[in-house]
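As you go down the protein sequences, you meet chains A and B in turn.
Under the numbering used here, read the first sequence as residues 1 to 116, first letter to last.
Under the numbering used here, read the second sequence as residues 1 to 111, first letter to last.
Quick caveat, the hints were computed from the structure, so don't treat them as lab data.
This one's a predicted model, so the numbers in the text were calculated from it and none came from an experiment.
Don't be surprised by glycine CBs; every beta carbon is placed ideally from N, CA and C.
Among the hints, a few may not be true.
Chain A is faced by these chain B residues, among others (derived, beta-carbon under 10 Å) [as the list claims (entries may be wrong)]:
| hint | residue |
| --- | --- |
| 1 | 33 |
| 2 | 46 |
| 3 | 68 |
| 4 | 82 |
| 5 | 98 |
| 6 | 99 |
| 7 | 102 |
| 8 | 104 |
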Amino acid sequence: DVKVTQSSRYLVKRTGEKVFLECVQDMDHENMFWYRQDPGLGLRLIYFSYDVKMKEKGDIPEGYSVSREKKERFSLILESASTNQTSMYLCASSLGGNAGRVKTQYFGPGTRLLVL
Amino acid sequence: AQKITQTQPGMFVQEKEAVTLDCTYDTSDPSYGLFWYKQPSSGEMIFLIYQGSYDQQNATEGRYSLNFQKARKSANLVISASQLGDSAMYFCAIRTDKLIFGTGTRLQVFP
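Based on the sequences and whatever the hints tell you, model everything.
Following this line, the structure appears as structure tokens:
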């Protein structure tokens with residue numbers, strides 16, 4: 001079974017702090033994704049990565065950056081956390097390649113971040 | 001651009017009954033995939049079922065089936081014989097170059 005783990009289930013940070021959310025997958029997937037989930041808005045894509053050291057902006061990248069130094073690990077960074085970044089953050093991974101468009105994404109358990 | 005619409009914010013169903021969760025989509029890409037995910041209160045997103053745009057038959061996975069009507073651009077999820085553990089948020093999603101989610105339907109199964 002695919003396993004995607006996230007470093008924290010719950011996180012409380014103060015405005016202005018730098019926040020790291022870590023995601024690790026154990027299935028050698030090429031693609032990794034970060035989403036945020038807010039009530040009434042569904043899931044929105046922040047950043048994704050097709051390979052090590054590669055990153056692409058999603059729909060809402062402002063205020064975030066990412067790092068992918070190793071294939072299995074994809075980190076989401078909030079350079080200076082703000083209250084409007086209070087949300088549920090979900091990491092996902094999938095196989096890549098030419099058929100990547102129909103590959104299933106597998107999700108981690110999510111991190112609920114509260115920024116005070 | 002692609003779009004997913006789930007018009008039911010919430011649904012109730014009695015245990016052992018079947019329930020249909022609606023999903024319509026819009027895309028100009030001829031090749032796409034449709035997904036349903038379940039999100040229980042614990043927060044994790046659980047993949048349920050997948051339908052490819054060129055698949056001739058409706059996808060089925062155990063008690064889950066996807067009623068795919070391509071001409072109407074709908075991909076409704078049917079859960080047969082509902083169980084209390086089916087209570088959760090359900091998200092429909094479409095994938096062309098990236099995965100786009102609907103806003104979800106909260107299903108509540110009562111005894």
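How the hints compare with the structure:
1. 33: Holds: closest Cβ of chain A sits about 4 Å from residue 33 of chain B, inside 10 Å.
2. 46: Because about 8 Å separates residue 46 of chain B from the closest Cβ in chain A, which is inside the 10 Å limit, the hint holds.
3. 68: Constraint on residue 68 of chain B not satisfied, violated at 14 Å.
4. 82: violated, 23 Å
5. 98: holds, 6 Å
6. 99: Holds, about 6 Å.
7. 102: Holds: closest Cβ of chain A sits about 6 Å from residue 102 of chain B, inside 10 Å.
8. 104: holds, 6 Å
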